[in-house]
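Asks: For reference, the chains in residue letters:
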Amino acid sequence: MRQTRTIEISTGLFILLGFMALVFLATKTTNIQTYGDRGGYSVTANFTNIGGLKVRAPVTVAGVAVGRVLGIKLDPKSFNAVVTLQIYGGYQEIPDDSTASILTSGILGEQYVGLDPGGSDTFLKNGSTIQYTQSALVLEKLIGQFFSKATAPGGK
Amino acid sequence: MSLLREMYYIILGFLEGFGACWLFLFRILSYTPSALMRPGLVFQQIYSVGAMSLVLIIVAGLFVGMVLGLESYNLLSRFAATSAIGSGIALSLYRELGPVITALLFAGRAGTALTSEIGLMRATEQLAGMEMMAVDPVRRIVVPRFIAGAVSVPLLTVIFCTIGILGGYLLSVMHLGVDDGAFWSQMRVNVDLVEDVIQSTVIKGIVFGGAISLLAVYEGFYAQPTAEGVSNATTRTVVNGALAVLVLDYILTSIFFHGA
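First to last, the sequence lines map onto chains U and R. In terms of this note's numbering, the first sequence is numbered consecutively and its last residue is 156. In terms of this note's numbering, the second sequence is numbered consecutively and its last residue is 260.
Don't read these hints as lab results, they were simulated from the structure. Fair warning: there could be bad hints in the mix.
[To be verified] Using 20 angstroms as the maximum straight-line C-alpha spacing, the simulated EDC-like pairs for lysine to aspartate or glutamate come out as follows:
no.	chain 1	residue 1	chain 2	residue 2
1	U	K54	R	D192
2	U	K125	U	D97
3	U	K28	R	D179
4	U	K28	R	D192
5	U	K28	R	E125
6	U	K28	R	E195
7	U	K54	U	E93
8	U	K28	U	E110
9	U	K125	U	D96
10	U	K54	R	E195
11	U	K125	U	E93
12	U	K125	U	E140
13	U	K73	U	D121
[Claimed, not checked] Derived contacts from chain R toward chain U, CB cut-off under 7 angstroms, selection only:
no.	residue
14	G50
15	C161
16	I255
Note that the structure is a prediction, hence the values are computed from the model and not measured. Note that beta-carbon positions come from the ideal geometry of N, C-alpha and C, so glycine has one too.
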């Protein structure tokens, strides 16, 4: 009888420990907060170049995450990237003349969409399009511009 | 000419074992629902293959995590990118090292025990005795052990990964002075719940656990009923189990990350 109870208790503890470990891995070490439906509304923004932006990347205002990237596709006519952003339900009052830019967190960090609020009295709503966008900076183009400026006559 | 004939027999023997293994698996699976109706037997086996392997897995996980921390620090500090150390440790553990090392350790710790136990039952005619009493040894002995292995390995894998992360954290944050916040936040950005934890860690754990347990019970059940036969069967469990894990690992990885 004693023997059986020891076996049952250690088996139970082992299984419990396994599931606790799984919960720890899922909640503390992964991007679990980008899963699940947080409600809210979706808006679109057209960019000429999105760099390395990925689906589920965060959308921030002043560094605070207010949404995420829902989808990325190519407009077949204008060859612009159409990015669908989901803005969480708690952020209803973002002016509709805000600027969306694709930024990078740190040198090796991932890319995200930063919203700079404008001054309009009307707000973004489900299905609206962000007019003002700023594309990702592509390092090669930047360096190219720098060199063409430096070697141009009159430049130094 | 004799070389060709030799190869022919080797290939034939491999195919025979491979096919017999699959047939054995279908036989086990057909008994699985009825075995789950008597969970006592399964729990007892989870104790002896899973809970008893816990100390081994925890010690191994701790040291693998610390070594990963050291190696990534050594490499990343050259690029002043030590903030990426957390995600590096987590991704290498979740995707490959956690499932594979756990499965290899499990093959050595529990697979051998399963094979020699069942093989010895065969050698001492306990299995024949059960058949005499109209007790199906596959249902009574093999199936609970197979289920216990397939359940224990994924649990051991997530425990291994958790301890490995903590080991890497201890070494890199406490000892080497990597930034605490960067360690966790970079990990949370780069580790994907479905792709890395569910698919890689858990599914690989289940597949590896099933494969090793199947090989172990198969080798034990069909072992030559002699001392030498049981010892050969035990050796084959470890060798074939390790090879099966590595081949399955490649197949699963190429399925999960075919796009990337």
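Asks: Work down the list of hints and note, for each, if the structure agrees.
Replies: Going down the list of hints, with the structure as the test:
Annotation: proposed proximity of U:K54 to R:D192 holds, straight-line Cα distance about 13 angstroms (limit 20 angstroms). Of the pairs offered as hints, the one joining U:K125 and U:D97 holds, with about 12 angstroms between alpha carbons and a cut-off of 20 angstroms not exceeded. Annotation: proposed proximity of U:K28 to R:D179 holds, straight-line Cα distance about 16 angstroms (limit 20 angstroms). A C-alpha spacing of about 12 angstroms is found between U:K28 and R:D192, which places the hinted pair at or below 20 angstroms, so the restraint holds.
Proximity of U:K28 to R:E125 is assessed by CA-CA distance (about 51 angstroms); at most 20 angstroms being required, the pair is judged violated. Between the alpha carbons of U:K28 and R:E195 the distance comes to roughly 16 angstroms, so the proposed pair stays at or under 20 angstroms and holds. With a CA separation close to 25 angstroms, the supplied pair U:K54 and U:E93 exceeds the 20 angstroms bound. Taken as a hint, the U:K28 and U:E110 pair is honoured in the structure, with Cα atoms around 19 angstroms apart against an allowance of 20 angstroms.
Distance restraint check for U:K125 and U:D96: the Cα-Cα separation of roughly 8 angstroms lies within the 20 angstroms cut-off, and the hinted pair is therefore satisfied. Under the criterion of a C-alpha separation no larger than 20 angstroms, the hint pairing U:K54 with R:E195 is consistent with the structure, at around 15 angstroms. Distance restraint check for U:K125 and U:E93: the Cα-Cα separation of roughly 9 angstroms lies within the 20 angstroms cut-off, and the hinted pair is therefore satisfied. At roughly 36 angstroms between alpha-carbon atoms, U:K125 and U:E140 are farther apart than 20 angstroms, so this suggested pair is violated.
The hinted pair formed by U:K73 and U:D121 fails the criterion: a straight-line CA distance of about 30 angstroms is larger than 20 angstroms. Annotation: interface hint on R:G50 holds; nearest CB of chain U at approximately 5 angstroms, less than 7 angstroms. At its closest, the beta carbon of R:C161 sits 6 angstroms from a beta carbon of chain U; the interface hint therefore holds under the 7 angstroms criterion. A hinted interface residue such as R:I255 counts as satisfied when its beta carbon comes closer than 7 angstroms to some beta carbon of chain U; here the least separation is about 20 angstroms, so the hint is violated.
Checked against the numbered hints given earlier, the structure breaks hints 5, 7, 12, 13 and 16 and satisfies all the rest.
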